[in-house]
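For the protein sequence lines, the chains are G and B, in the order given.
Note that the working numbering numbers the first sequence so that position 52 is 52, with each residue one more than the last.
Note that the working numbering numbers the second sequence so that position 89 is 89, with each residue one more than the last.
Each hint should be verified, as a subset may be incorrect.
[What the hints assert, rightly or not] Computed far set for chain G versus chain B, every beta-carbon distance over 10 Å:
| # | residue |
| --- | --- |
| 1 | G32 |
| 2 | M35 |
| 3 | R36 |
| 4 | I41 |
| 5 | G54 |
| 6 | D63 |
| 7 | S67 |
[As the list claims (entries may be wrong)] Partial list, derived from the structure: chain B residues whose beta carbon lies under 7 Å from chain G:
| # | residue |
| --- | --- |
| 8 | K10 |
| 9 | W13 |
| 10 | V18 |
| 11 | L223 |
| 12 | I225 |
[Stated by the list, open to error] Under the rule of at most 20 Å between Cα atoms (straight-line distance), these lysine to aspartate or glutamate pairs were calculated in the EDC-like manner:
| # | chain 1 | residue 1 | chain 2 | residue 2 |
| --- | --- | --- | --- | --- |
| 13 | B | K237 | G | D63 |
| 14 | B | K237 | B | D150 |
| 15 | B | K77 | G | E33 |
| 16 | B | K14 | G | E33 |
| 17 | B | K231 | B | D146 |
In case anyone wonders, no lab produced these hints; they're calculated from the structure.
Keep in mind that this is a model prediction, so the values were computed, not measured.
Even for Gly, the Cβ is constructed at its ideal location relative to N, Cα and C.
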Amino acid sequence: MHKFRALLTLLSVLMVAVVVQAQEGAAKTTIGETMRSSGRIYVVVAVMLTILIGLILYLVRLDRKISKVEKETM
Amino acid sequence: MANEKNYMYKSWWKILCVVLLLFTFIAGLLIKVPNLPALEETSRNLFFHVGMWAAMMTLFTISVVNSIKYLRTLNLKYDIYARQYATVGIVFGLLGYATGAIWMSYTWADPNNPLFESFSALAREPKLIGAAIALLIYFAYMVLRDSINDMDKRARISAVYNIFAYAMLFPAIWIMPRLLPSLHPGQEGNPALNFKDVSSTMRMVEWPAFIGWTLLGVWITTLKIRLSLLKERKMMK
């Protein structure tokens, strides 16, 4: 749990710079406005994140399955 | 063997991998990049295309370390490790090659670019040839392994071959492209690793990206290793 919290802190620290940049232009932050700003790049971000998260969830599932088989064969 | 709690069963570095990759995907697309001639927005590919090569290099290094460990201990476990790390290294290498093909088509190998003469310039491109040689040597490693039936002989011969393959990586992808004229950037040094080349905001994403991709490769490899250890145990029974 401690490690998990440390990693979350790391992510938020890394994110600070991005958030600071993102706030330069955008005063209003409703989701529709965000998705339509800067050439709709956020749509691409959302698509790529969906793919990445999907692949990672698949990996996690594989990891769990292998762990289960490992326990059974012990 | 599963009761030894080594890094493969820990989860903190897997979480770190996910966090770094999420950061790479979000920040890599949203930060401001310097508007370089010919590259423009495509310089964001530094986090993805070059990340593939960084992961490949690290995986091949882990693979050769395990081969040396095998030769020192003759423990077949290390042979499985070396093999799986090399396999996933090849996958990342192929991804690096494929992404590079897309990237160059719109930058230095763009037919609209006055520096680019013709397709024959591509065929003479030392970086592409070098990377192809390196990958083919690793393909040969797989073919060599699977053509030997005796387990100990296979492990020993392929471990020695793996060391040679790793030694060939350096002239093929690091030295040769620097000696010959090339259109691919980075002939004068290490393009992505040079602190003068990469702007500081990009560096802030670059290193997390490299580490994240490498950890992803290691994660996939450990799954493959655990599967083949299971298979091995089943055969023993």
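Going through the hints against the structure:
Listed as a non-interface residue, G:G32 keeps its Cβ farther than 10 Å from every Cβ of chain B; the least gap is roughly 18 Å. With 10 Å as the threshold on Cβ separation, the claim that G:M35 sits away from chain B holds: the shortest Cβ distance comes to roughly 13 Å. No beta-carbon of chain B is positioned within 10 Å of the beta-carbon of G:R36; the least distance is around 15 Å. Chain B draws G:I41 into its interface by the beta-carbon criterion, the shortest separation being 6 Å against a cut-off of 10 Å.
Remark: the non-interface label on G:G54 is consistent with the geometry, its nearest Cβ contact in chain B lying 12 Å away (cut-off 10 Å). For G:D63, the condition that its CB be more than 10 Å from all CB atoms of chain B is violated, with the nearest at approximately 6 Å. Here G:S67 does not stay apart from chain B, with its beta-carbon only about 8 Å from theirs, under the 10 Å limit. A distance limit of 7 Å between C-beta atoms decides the matter here; for B:K10 the minimum to chain G is near 9 Å, and the interface restraint is violated.
The criterion of a C-beta within 7 Å of any C-beta in chain G is not met by B:W13, whose closest approach is roughly 9 Å, and the hint is violated. This hint holds: B:V18 has a C-beta 5 Å from the nearest C-beta of chain G, less than the 7 Å allowed. Taking 7 Å as the C-beta contact cut-off toward chain G, the hint placing B:L223 at the interface holds, the least distance being around 6 Å. Contact between B:I225 and chain G, as hinted, is not supported at the beta carbon level, the nearest pair being about 10 Å apart and thus beyond 7 Å.
For the hint linking B:K237 to G:D63, the alpha-carbon distance of about 24 Å lies beyond 20 Å, and the restraint is violated. The suggested pairing of B:K237 with B:D150 holds, with an alpha-carbon distance near 19 Å, which does not exceed 20 Å. For a cut-off of 20 Å, the pair hint linking B:K77 to G:E33 is broken: about 55 Å separates their Cα positions. This hinted pair does not check out: B:K14 and G:E33 have alpha carbons roughly 34 Å apart, beyond 20 Å.
The straight-line distance between the Cα atoms of B:K231 and B:D146 is roughly 16 Å, inside the 20 Å bound, and the hint therefore holds.
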